[in-house]
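Protein chains in written order, with our numbering: chain Y, 27 to 293; chain A, 1215 to 1781.
For the record, the hints were derived by calculation from the structure and aren't laboratory data.
Worth double-checking, as some hints may not be accurate.
[Stated by the list, open to error] Residues from chain A that keep clear of chain Y, each with C-beta distances beyond 12 Å, as calculated:
| # | residue |
| --- | --- |
| 1 | 1252 |
| 2 | 1455 |
| 3 | 1469 |
| 4 | 1530 |
| 5 | 1592 |
| 6 | 1640 |
| 7 | 1729 |
| 8 | 1731 |
[Stated by the list, open to error] Result set (DSSO-like, lysine-lysine): computed pairs, CA atoms no more than 27 Å apart in a straight line:
| # | chain 1 | residue 1 | chain 2 | residue 2 |
| --- | --- | --- | --- | --- |
| 9 | Y | 150 | A | 1448 |
| 10 | Y | 198 | Y | 268 |
| 11 | A | 1370 | A | 1285 |
| 12 | Y | 150 | A | 1446 |
| 13 | Y | 86 | Y | 268 |
| 14 | Y | 268 | Y | 257 |
Think of the CB as a built atom: it goes at the ideal place given N, C-alpha and C, for glycine as much as any other residue.
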Amino acid sequence: MAAILTAETVTKRFGGLVAVNNLSLEIQHGQIYSVIGPNGAGKTTFFNCVTGFYTPEEGKIIFNGHEIQGLSTDRVTRMGISRTYQNIRLFSNMTALENIMVGEHPHLKTFWADAVFDTPRFRKEEQQALAEAQRLLDFVGLKGLGDHLARNLPYGAQRRLEVARALASQPKLLLLDEPTAGMNPHETGEMIAFIQMLRDKLGITILLIEHDMKVVMSISDQITVLDFGTKIAEGKPIDIQKNPRVIEAYLGRGAASGLTPANAAAN
Amino acid sequence: MNLTQEHTLDWRTAARNGLLGGTIILYFGAIGMVSTFSVRNMVGTFLNLGQILSIMGAIAAGLITGRTFLKADQRAKVIQMGALSGLLAGLPPLILIIMGTLVPNSTMFVNINAELVEILTFGLGALVGSLALIVVSGLMGVLGAAFVLLGEKYRKALINALLWVLLLGLFSENAGTVLQKFLGTSAVRWLFQNKSLNPIAAIIIFALTFAFSLFGVGNKGKTKIQSLPSEKQKQLRLIYIVLGLVFALALPWMVGTFLSQVLFIVGLYVMMGMGLNIVVGFAGLLDLGYVAFFAFGAYTMGVLTSPGGFTGGILNFWLALPIAILVGVTFGIILGFPVLNMRGDYLAIVTLGFGEIIRVLAYSNWLAPIIGGAQGVLGIPTPSLFGFRLGKPEYMYYLVLLGSLVAAFIAARLRDSRLGRQWMAMREDEDVAETMGINLVQTKLLAFAIGAGFSAASGAIFASRLQNIFPNSFGILVSINVLSLIIVGGLGSLPGVVVGAAILVGMPELLREFAEYRLLMYGLLLIVMMLAKPEGFWPEETRKRELHAKEDWDNNDADAEVVGAAD
Chain Y
27 MAAILTAETV
37 TKRFGGLVAV
47 NNLSLEIQHG
57 QIYSVIGPNG
67 AGKTTFFNCV
77 TGFYTPEEGK
87 IIFNGHEIQG
97 LSTDRVTRMG
107 ISRTYQNIRL
117 FSNMTALENI
127 MVGEHPHLKT
137 FWADAVFDTP
147 RFRKEEQQAL
157 AEAQRLLDFV
167 GLKGLGDHLA
177 RNLPYGAQRR
187 LEVARALASQ
197 PKLLLLDEPT
207 AGMNPHETGE
217 MIAFIQMLRD
227 KLGITILLIE
237 HDMKVVMSIS
247 DQITVLDFGT
257 KIAEGKPIDI
267 QKNPRVIEAY
277 LGRGAASGLT
287 PANAAAN
Chain A
1215 MNLTQEHTLD
1225 WRTAARNGLL
1235 GGTIILYFGA
1245 IGMVSTFSVR
1255 NMVGTFLNLG
1265 QILSIMGAIA
1275 AGLITGRTFL
1285 KADQRAKVIQ
1295 MGALSGLLAG
1305 LPPLILIIMG
1315 TLVPNSTMFV
1325 NINAELVEIL
1335 TFGLGALVGS
1345 LALIVVSGLM
1355 GVLGAAFVLL
1365 GEKYRKALIN
1375 ALLWVLLLGL
1385 FSENAGTVLQ
1395 KFLGTSAVRW
1405 LFQNKSLNPI
1415 AAIIIFALTF
1425 AFSLFGVGNK
1435 GKTKIQSLPS
1445 EKQKQLRLIY
1455 IVLGLVFALA
1465 LPWMVGTFLS
1475 QVLFIVGLYV
1485 MMGMGLNIVV
1495 GFAGLLDLGY
1505 VAFFAFGAYT
1515 MGVLTSPGGF
1525 TGGILNFWLA
1535 LPIAILVGVT
1545 FGIILGFPVL
1555 NMRGDYLAIV
1565 TLGFGEIIRV
1575 LAYSNWLAPI
1585 IGGAQGVLGI
1595 PTPSLFGFRL
1605 GKPEYMYYLV
1615 LLGSLVAAFI
1625 AARLRDSRLG
1635 RQWMAMREDE
1645 DVAETMGINL
1655 VQTKLLAFAI
1665 GAGFSAASGA
1675 IFASRLQNIF
1685 PNSFGILVSI
1695 NVLSLIIVGG
1705 LGSLPGVVVG
1715 AAILVGMPEL
1725 LREFAEYRLL
1735 MYGLLLIVMM
1745 LAKPEGFWPE
1755 ETRKRELHAK
1765 EDWDNNDADA
1775 EVVGAAD
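Using the sequences and the hints given, assemble the complete structure.
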């Protein structure tokens, strides 16, 4: 299997603060890859570098053989990367369906003049876009909620809608920023199954930031641990759980004896 | 919870509301509004606009007090607290009466004079009149409070009926000219006496409109239409559109020349409003320099068609119009570039500056050889169609009607398209919109360009109607007007633009004698709107939903519908 996303010695600084330091990683096609680390470790900054929101000072990010560091966000999206946000960022005053249709944007071709003159190809494309949005809405389990404003949906539904919106651009790589944040165990379980289904059914590679160790350990194929912007460990879940540096990063020096991140999260 | 509410809601709340309402009337009286407004008789010779204004404080205080107490589940106290509010609202204006009686010719408060005292005391003399004022205020407070106790159906009917009577009374002169064509002179003379509504007629109209809105179609008709099959609905809508068009076409001949001119000005603002609505309402880019594009359109038209101007009038109106629009669009893009990375307040300030720069440039000697500087462009010809001069306001009205319809059509089509969704996504969250693959530069510039195009077209028509244009026609106030009208109508709503223009542009044209209070009324209207009806008079569907979403949600119990995707 070839790598879909490769980061080579990526460094991002904010003034004197090095948010991401010399980070290299490689994500294979069809993997569920997790990035974990304590608060402020640089996980979201790395996400923002991948999606083009930030430009890293050093290093390369290669997606499907193309260098994407420094490209604008919309171009990165059109190449096949989409994301969700840690704190849900839906278009809150638009309906659920409209949200998804905005996500379909990269695949719509008609010009604005088509809309003014209501050309046949505009009508056809709008119909298809609506049907696709409806399909995605059903897919994420929000059937019948298409006409509700996004802000009025319950929390779990908003998370799902955000995923549906991200899927609408037909990404090859999906970045999920803490998809289970604020969820109860039941909802978390559903989200885990849902993420696995995305990979298994749609073949989408998934890059995940997550705090919930149960989630990370149960669905990740590969894990990278960041601390103060630097990678301190990489490997399969089973290796990460035993890694003393990881335990130290999470719980501090001295606590490393006997505690693993898994039961640290449980505490 | 309930305890604290009961604790805070005692007579003090009512007293505060009452004194506040009265103080506002005190202010209105002191700045001369009450006296100026009293010139307009509303019903007969005994009820004029000034009196209505002076009791408004008591009514409003009673209403607000009543509503507050009703909301706090203290139904029993509504009336008595309303009365208290009303009585107290009568106190501050007493200061006016005292001052006016003791120092009738004050040089400091020129508006507090014998005339004002007479209006406030109902001509009963200072002592009896003061008592009367307090009693009337108390009664009004009771009426205001009682209003909130009525069922919604009755409240709506009452508001409808009151609006009919008040508007007919207020615009009795204009209504008279219009109705003369249909009812004949003698009937109109009976209806409107002394430039006001005949009291008997007022009662009849009140009763009729009240009964009509109570037992009329109203909401029932609406649900009936919604229950029809979609094809029938489409047909019905088509019928409505055709009827609306016929009405719009017949309008200038029904209302006469003066009102046609008013309609023409309203139309100009509708065109501008449609454009700014795209920029502010759809795309969320707060543009305070919108008048610049109006000026570009007007000056392009002037320079290209005026025989005495720079080009000697090489083109006629119809050839110059597309060029004017093109110039507007081009400058929309040019002025859009520097502000691409600005958001919110910063954007507003910079565009405000742009608007002023354009006006100053129009004044400047530097451009004077081309656009005339302070002298402006003179002698712009009236457009003609196949040799027929569109000289009268009635004809020019058709021109702006056409322009407004085209603008509304384009705006509606774009709203429901991919571009419309791009704009709204950008309005909601710029960063996320970009993450959706939306090219912000393109999307923003398109909004600026299309908005500028509408404004330029409006400016071009404006120039050819006025025939002479001067830089001072393109001040910041035009931008503020347009922005206010789309907010009052409902941000992002197309019918709202028309409603807003009618209220903020049409009404002041009809109430010229109160022009000095125009901006004050604007400010008041905007504040009241933001507090009571922030979505505007005719809001966009989603905004309406936004406001009623909570009830909607409770009814549907949509939580139950969210089923697990994984299973």
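Hints, verified against the model:
no.: 1; hint: 1252; verdict: holds, 45 Å
no.: 2; hint: 1455; verdict: holds, 16 Å
no.: 3; hint: 1469; verdict: holds, 32 Å
no.: 4; hint: 1530; verdict: holds, 26 Å
no.: 5; hint: 1592; verdict: holds, 37 Å
no.: 6; hint: 1640; verdict: violated, 9 Å
no.: 7; hint: 1729; verdict: holds, 37 Å
no.: 8; hint: 1731; verdict: holds, 35 Å
no.: 9; hint: 150(Y) to 1448(A); verdict: holds, 20 Å
no.: 10; hint: 198(Y) to 268(Y); verdict: violated, 32 Å
no.: 11; hint: 1370(A) to 1285(A); verdict: holds, 19 Å
no.: 12; hint: 150(Y) to 1446(A); verdict: holds, 23 Å
no.: 13; hint: 86(Y) to 268(Y); verdict: violated, 31 Å
no.: 14; hint: 268(Y) to 257(Y); verdict: holds, 16 Å
This entry does not satisfy hints 6, 10, 13, going by the numbered hints stated previously.
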